[in-house]
Amino acid sequence: MNSVLVFALAGVGLILLGLYALLVQRHLLRKVLAFNVISSGIFLILAGLARRAPGAEPDPVPQAMVLTGIVVAVAATALALAMIQALRTATGRTRLDDDGED
Amino acid sequence: MAWLNLLPLAIDLVLALTLLWLAWRALSSPDLFRAVVLFIALGLVLGLVWVRLDAVDIALAEIALGAGVTGALLLAALAKLQPGATDSAEPASAAEFAAALEGDPDTPRPALAERAATGTAPIALGSTLDERPVGAAAGTAPIALRWLIALLLIPPCIGLGLVVWQLWVPAPGLTDLVAARLDESGVTYPVTAVLLNFRGYDTLLELAVLLLALIGVWSLSPAPHLDDAEPEPALAALSRLLAPLMILVAAYLVWIGAQAPGGAFQAGSVLGAAGVLLRLSGWRLSPRATGWPLRLALVLGVAVFAFIGLAVIGLGQPLLGYPAGWAKPAILAIELAATLSIGTILAALFIGGRP
Numbered sequence: 105m106n107s108v109l110v111f112a113l114a115g116v117g118l119i120l121l122g123l124y125a126l127l128v129q130r131h132l133l134r135k136v137l138a139f140n141v142i143s144s145g146i147f148l149i150l151a152g153l154a155r156r157a158p159g160a161e162p163d164p165v166p167q168a169m170v171l172t173g174i175v176v177a178v179a180a181t182a183l184a185l186a187m188i189q190a191l192r193t194a195t196g197r198t199r200l201d202d203d204g205e206d
Numbered sequence: 004m005a006w007l008n009l010l011p012l013a014i015d016l017v018l019a020l021t022l023l024w025l026a027w028r029a030l031s032s033p034d035l036f037r038a039v040v041l042f043i044a045l046g047l048v049l050g051l052v053w054v055r056l057d058a059v060d061i062a063l064a065e066i067a068l069g070a071g072v073t074g075a076l077l078l079a080a081l082a083k084l085q086p087g088a089t090d091s092a093e094p095a096s097a098a099e100f101a102a103a104l105e106g107d108p109d110t111p112r113p114a115l116a117e118r119a120a121t122g123t124a125p126i127a128l129g130s131t132l133d134e135r136p137v138g139a140a141a142g143t144a145p146i147a148l149r150w151l152i153a154l155l156l157i158p159p160c161i162g163l164g165l166v167v168w169q170l171w172v173p174a175p176g177l178t179d180l181v182a183a184r185l186d187e188s189g190v191t192y193p194v195t196a197v198l199l200n201f202r203g204y205d206t207l208l209e210l211a212v213l214l215l216a217l218i219g220v221w222s223l224s225p226a227p228h229l230d231d232a233e234p235e236p237a238l239a240a241l242s243r244l245l246a247p248l249m250i251l252v253a254a255y256l257v258w259i260g261a262q263a264p265g266g267a268f269q270a271g272s273v274l275g276a277a278g279v280l281l282r283l284s285g286w287r288l289s290p291r292a293t294g295w296p297l298r299l300a301l302v303l304g305v306a307v308f309a310f311i312g313l314a315v316i317g318l319g320q321p322l323l324g325y326p327a328g329w330a331k332p333a334i335l336a337i338e339l340a341a342t343l344s345i346g347t348i349l350a351a352l353f354i355g356g357r358p
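Just so you know, the sequences run in chain order A and B.
Per the working numbering, the first sequence starts with residue 105, numbered consecutively.
Per the working numbering, the second sequence starts with residue 4, numbered consecutively.
I should point out that these hints are in silico values taken from the structure, not numbers from a laboratory.
Careful, some of the hints might be misleading.
Taking CB as the label site, the calculated pair distances span [to be verified]:
1. A:Met187 <-> B:Trp6: 49 to 55 Å
2. B:Ala183 <-> A:Met187: 41 to 47 Å
3. B:Gly356 <-> A:Asn106: 46 to 52 Å
4. A:Met187 <-> B:Leu148: 24 to 30 Å
5. A:Met187 <-> B:Leu283: 21 to 27 Å
6. A:Thr195 <-> B:Glu187: 51 to 57 Å
7. A:Met187 <-> B:Glu187: 41 to 47 Å
8. B:Pro145 <-> A:Glu161: 47 to 53 Å
Only some residues are given here: those of chain A computed to face chain B with a beta carbon under 8 Å [said to hold, decoys possible]:
9. Glu161
10. Pro164
11. Ile188
Covered stretches of chain A, as calculated for chain B (at least 3 residues, CB under 8 Å) [as the list claims (entries may be wrong)]:
12. 116-130
13. 144-155
14. 166-172
15. 176-182
16. 189-200
Small disclaimer: the values here were computed from a predicted structure and weren't measured.
Every residue, glycine too, gets a C-beta built ideally from N, C-alpha and C.
Given these sequences and hints, build the entire structure.
So this is what it looks like as structure tokens:
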């Protein structure tokens, strides 16, 4: 059991929490938060896998991928938030309801 | 003193548990504002975790982007969506109850009544009063469904955990391959070499994704109305002090990226954060600068990267393959243009809407 494995498993936990909230929560802003938590979990697993060789330099390729991923996640979040605001302007709603037939 | 060897592991365990606890609180808090603040705290703790994982580049980007810009975006969206309201307030009056049943408990009641009166409300209020399940007002799915989803999610996540566990054989990955060709890359820092040279294709497409997201945001709405209120004196003075410092830090980060943690994305994030700060303290572009000069700054990163990537084909190189000896100036030119574009795009994403 080493530190890096602890963080990678915490990443799995973040994915679980994020997926659960994504499916259960109805407010769209909370779904965006859940998406971001899932992506953080994926990044933790990736960066953890970059540190598997003990004591050596970390693998730069997964690190570069995570760096790319963080920037893309911010751009996707900004687009999602703009779409929520557009939905609010158009329909007055900020939630996805299973039973809101309109 | 064997317990001293266990101290780092104990600290990491505490950090990991803090991460999970913050994530759970952020995702389950009934108050949306508190949820967003907890999410920002999650980003900051995650920054510490990246440092523990020897990923200083990711830590820089996480603090500036994951916690900083995303936090600012979420708070701004929250302010626009729900002025001074919470997500789960128990409906007190009949009118609020109707508003809650309508799907958004925070819809201003006069607006709702007006839309209902003019027949433009999405659903007729009266017809749905007794059809709506009880759980709808609470903002989550009914409790039985929640348990079902949790039970269904646990097996795949245990499987994912087992995969991570079994992958844990010491392996260098691509470290040796990168180290072997680092001399030819034009920089001496492996992560920058991967980003701008070995995997330049990813980075070019990433810049394009940023630009596409901004085009999406701009196509959804015109720029918000800018109120001419004077900023608070303290905020104005602070931003006058901080903004030049942040530009200096960005320039340092982009230059140092060739040999140490840093580079275009971290520098662009700091530049974008400076833009957000200036926007919050009331500073804005003059109308003359919001036309083609702004658009030029936005596309410069993709344009320079794509131009250099294509121009090398004329020199007999593959796409994005820099000729020997030209890698360093090519990477520096791309990084400078990318920094400017990333910073401008992030600030424009925060402001939101087409100018």
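Hint-by-hint comparison with the structure:
1. Distance hint check: the CB atoms of Met187 (chain A) and Trp6 (chain B) are about 52 Å apart, consistent with the given range 49 to 55 Å.
2. Between Ala183 (chain B) and Met187 (chain A), the C-beta spacing of about 45 Å keeps the proposed range 41 to 47 Å intact.
3. The given range of 46 to 52 Å is respected by Gly356 (chain B) and Asn106 (chain A), whose C-beta atoms sit roughly 48 Å from each other.
4. Our hint of 24 to 30 Å for Met187 (chain A) and Leu148 (chain B) holds, since their Cβ atoms are close to 25 Å apart.
5. At about 23 Å, the CB distance of Met187 (chain A) to Leu283 (chain B) agrees with the hint of 21 to 27 Å.
6. At roughly 56 Å, the beta-carbon separation of Thr195 (chain A) and Glu187 (chain B) lies within the given 51 to 57 Å, and the hint holds.
7. Taking 41 to 47 Å as the suggested C-beta distance range, the pair Met187 (chain A) and Glu187 (chain B) conforms, at roughly 44 Å.
8. Separated by about 51 Å at the C-beta atoms, Pro145 (chain B) and Glu161 (chain A) satisfy the suggested range of 47 to 53 Å.
9. Hint status for Glu161 (chain A) relative to chain B: holds, with the closest Cβ pair at about 6 Å, below 8 Å.
10. Given hint, Pro164 (chain A) at the interface with chain B, holds; its Cβ is 4 Å from that chain's nearest Cβ, closer than 8 Å.
11. About 7 Å separates the beta-carbon of Ile188 (chain A) from the nearest beta-carbon of chain B, less than 8 Å, and the hint is met.
12. Coverage of the stretch 116-130 of chain A by chain B holds [criterion: at least 3 residues with CB-CB distance below 8 Å; count 14].
13. Given as covered by chain B, the stretch 144-155 of chain A passes the check, having 9 residues with a CB less than 8 Å from a CB of that chain where 3 are the minimum.
14. Here the stretch 166-172 of chain A counts 7 residues with a CB under 8 Å from a CB of chain B, which clears the bar of 3, and the coverage holds.
15. As drawn, the stretch 176-182 of chain A meets chain B at 7 residues by the rule of a beta-carbon pair under 8 Å; at three or more, the given contact holds.
16. Under the rule that three or more residues need a Cβ within less than 8 Å of chain B, the assignment of the stretch 189-200 of chain A holds, with 9 such residues.
Checked against the numbered hints above, the structure violates none of them.
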